[in-house]
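Engineer: Chains A and B supply the protein sequences, listed in that same order. The first sequence begins at 6 in my numbering and counts up by one. The second sequence begins at 1022 in my numbering and counts up by one.
If you're looking for bench data, these hints aren't it; they were derived computationally from the structure. Be careful, since some hints might not be right.
To be verified - Calculated cross-link-like contacts (lysine-lysine; reagent style DSSO-like; alpha-carbon spacing at most 30 Å):
(1) A/K324 - B/K1129
(2) A/K318 - B/K1110
(3) A/K302 - A/K284
(4) B/K1143 - A/K304
(5) A/K324 - B/K1149
(6) A/K30 - B/K1129
(7) A/K547 - B/K1097
(8) B/K1160 - A/K324
(9) A/K547 - B/K1037
(10) A/K302 - B/K1037
(11) B/K1194 - A/K30
(12) B/K1194 - A/K304
(13) B/K1194 - A/K302
(14) A/K332 - B/K1149
(15) A/K332 - B/K1231
Unchecked claim - To give an idea of the chain A side of the interface with chain B (calculated C-beta under 8 Å), a few residues:
(16) V48
(17) K304
(18) Q316
Virtual Cβ for every residue (Gly too), placed ideally from N, Cα, C.
Here is how the chains run, residue by residue.
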Amino acid sequence: MVISLTSTLINAHYNIPRSLYHFKKRERLWEPALIIGVVLLMVFSLGPLYMSLLNTMYDQYDAAGMRQLFLAGPFLIANLFGLIMGVFLMISTFFFGDDMSVLIPLPLKSTEVLMSKFLVVLMDLMVISIAVILPAYILYGIRSGAGISYWIFMAIIFLLSQVLPIMLSAIIVLPLSRLFRFKRYRDSIVYLISALVIIGSLVFVSLTSRVDPNMSAEEFARIFSSEDAILNKTAGAYPPTILVTKALSKPFLEGLLWLLAFIGLHAAALGIFLFFGHKFYYSVYSSLQENFAKRSKLKEGEIAGLMGLQQTKFSALYKREWWYFLKVPAFAFNGFGNVLVFPILLVIAAVAGQTDQLGQMLDQFQQYKPLFVPVGALVAAVAGGINGLASSMFSREGDLIRELKALPVDVNEIVKVKFLHIETLSLIGPAFGAVALSLILGLSFLEALVVFVVGALTLTFLNILQMIIDSIKPILEWENPQRAMKQNVNVALSIPVVFGYVGGLGYLAFLLKDTISGTVMTIILTAIALVGIVVTWPILIKRANRLFARDL
Amino acid sequence: MIEIRDLTKIYSGSVKAVDSISLTVNKGEIFGFLGPNGAGKTTTIKMIVGLLQPTSGSISVDDIDVVAHPVEAKSKIGYVADEPLVMDKITGVQYLNLISDVFQVPPKTRAERASKLLQNFKLSDAIKDPVSTYSHGMKQKLSLIAALIHNPDLWILDEPIVGLDPESAFILKQMMRNHVKAGNTVFFSTHVMEVAERICDRIGIINKGKLEFVGTVEELRKLRGKGSLEELFLEVTGSETENGDFAYLDAD
């Protein structure tokens, strides 16, 4: 039953039947070609850099006689990413998918539905493990001349590598959601709990793995006394990392025992997951469907007050954008989260850096002072440019794009409204970014202002580019709002655009640091952004008009 | 009011949903658009309101070409889709304000019209609640109110009776009659033959994308013989349902 249900859900989730239909009809072949092209581009452009980084890390660990520690990092990072990305995905898939109204009336156990949905989310998250764990573990296996048992254990660990993050978040979120019986804003509360789970995990990991700068020399020496002690210290915050590292680095029998412990942990987590699922899943889902309604009688003349204000078409549509953004938790959390998280990380790095090695690293940056403003502006642009808002400009409308299309509003007006909304939100990024960079690098007010302005202009250009990507082929057929943002191919395509632009110009600035002054670089960056805006804006308008002329 | 000439719509390069239809809907009439499922009714309506692009042919509303001047044409239309297309998360009154703003309805007019429409459709008590709390029928009513609040000359209603309670359906039919009495036009699709027979001035029957008949019910009777509109409809659309044997459903 679970297999049949899972295959149906996967078909629906990835739109496989429709893709096969188009493939058989030889239609839209450019879509898979484009995705494969971008993946290959990423692999061939970033792959060598990534592999060289992994090789260097391996060499360092090997030289220090702590080779097994090389295995800990990728697993920990992949699980942390899995937790961050998976929790919202899990919530959306488990509780807010339209398929639930079809599944619940069927004679299925809640645990069967839960397991199938879990496997769908797992498939999505395996991308992280493919990118982070697989290359590192293959490299380790080859370079350490590992035997056959390593490869078998590694395959098992790889396949299970994203299971715990989803189960852990589900185990926390399921009972908590049942506990909070907020009548209004129930869906927002569920997302808030998830955000708190992520923040809590991040704080826990950073606190438990951080070395106290006031630690005595003896304590410090004790930590570094053995490989296991370091492993326990660095991976102690997330014990499965220890099990994985030992399973893959110890001799066969001992490794097997560690692997069995790792599998046992998963079995225990699965047991708790299914127990909570059986106890809470359908009741949480059902309570999320209950809407809060007052049904209060309209008082005499009240409607005149409620409808007593006329706005322009532009203002009305702009308000609509905000309503839609704020009232769909998946959009609001992703949108705000992404513009705030990056600068906050910068500030945390800066504050933490005052006491340990990071501080010394930041001190070394002072030799690149002339690059602070131009590169800072690029960093500030990234802070607001990776929120997925611009690259899901039309995708976020979903079905409602038909409502827009039926209204007597010019497409140019719609584009301007959406542009203003995206800019308003995105500019939080450069603003916070400029503040964070001032704190880290000690920029003057004027320098920070220039970082903000140039960052904002660069961001505007990048936003327009991302909007063009989404207006070419928005993802409009979705039931789960996450599909419009986190699982949107346009968002994925825009990431290399943003990083390519910022990384390319940043690298160029670094190469030319002795030839061109920081001021000239800043002027050039501004000019590129301005010319970019002027050139790409008409393209955006044209693409949007073409989109609205299509059958929607 | 509506002028359709040689209108064709081909989906995905091969499926001909609407096949070269020509039709005139006059001012001051209720025009019922009938046809079996998948006949091309909704596709035709979506082309009139600008949601779909015609593959060929032309449509004009009040002499305004829908494809060339979509904004002007849309501002003449009050459209209710077959499935209510309303943003779920906002309240009913917020939605009505949005539509009123887009159609630039002055505050006094919108409040007066909304007040009466809400009373007629018995939606006053729910109007301050989010649309997500509404039943399908209530969403349909809200869509109707939103389509009528700006007092459009032309109502285009795709299956407007579906989902409405009997009282609201009755009120809507009355409103349709009043609207055309004032010299305006109603174009609507329906599967309910009784409704079409009772209130339509003229009907059009579309089947497999082709317009099989346009005229009054009396003209159809003259052409096809006596019978209820339902029987005539089945005959025009070539249905063999009357001779169907459904005993297999209850067989052991």
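Engineer: A separate judgement is required for each hint: does it hold in the structure or not?
Structural biologist: Okay, the hints, checked on the actual structure:
no.	hint	in the structure
1	A/K324 - B/K1129	holds, 21 Å
2	A/K318 - B/K1110	holds, 20 Å
3	A/K302 - A/K284	violated, 38 Å
4	B/K1143 - A/K304	holds, 14 Å
5	A/K324 - B/K1149	holds, 17 Å
6	A/K30 - B/K1129	violated, 55 Å
7	A/K547 - B/K1097	holds, 26 Å
8	B/K1160 - A/K324	holds, 21 Å
9	A/K547 - B/K1037	holds, 29 Å
10	A/K302 - B/K1037	violated, 49 Å
11	B/K1194 - A/K30	violated, 45 Å
12	B/K1194 - A/K304	holds, 28 Å
13	B/K1194 - A/K302	holds, 26 Å
14	A/K332 - B/K1149	holds, 16 Å
15	A/K332 - B/K1231	violated, 44 Å
16	V48	violated, 34 Å
17	K304	violated, 10 Å
18	Q316	holds, 5 Å
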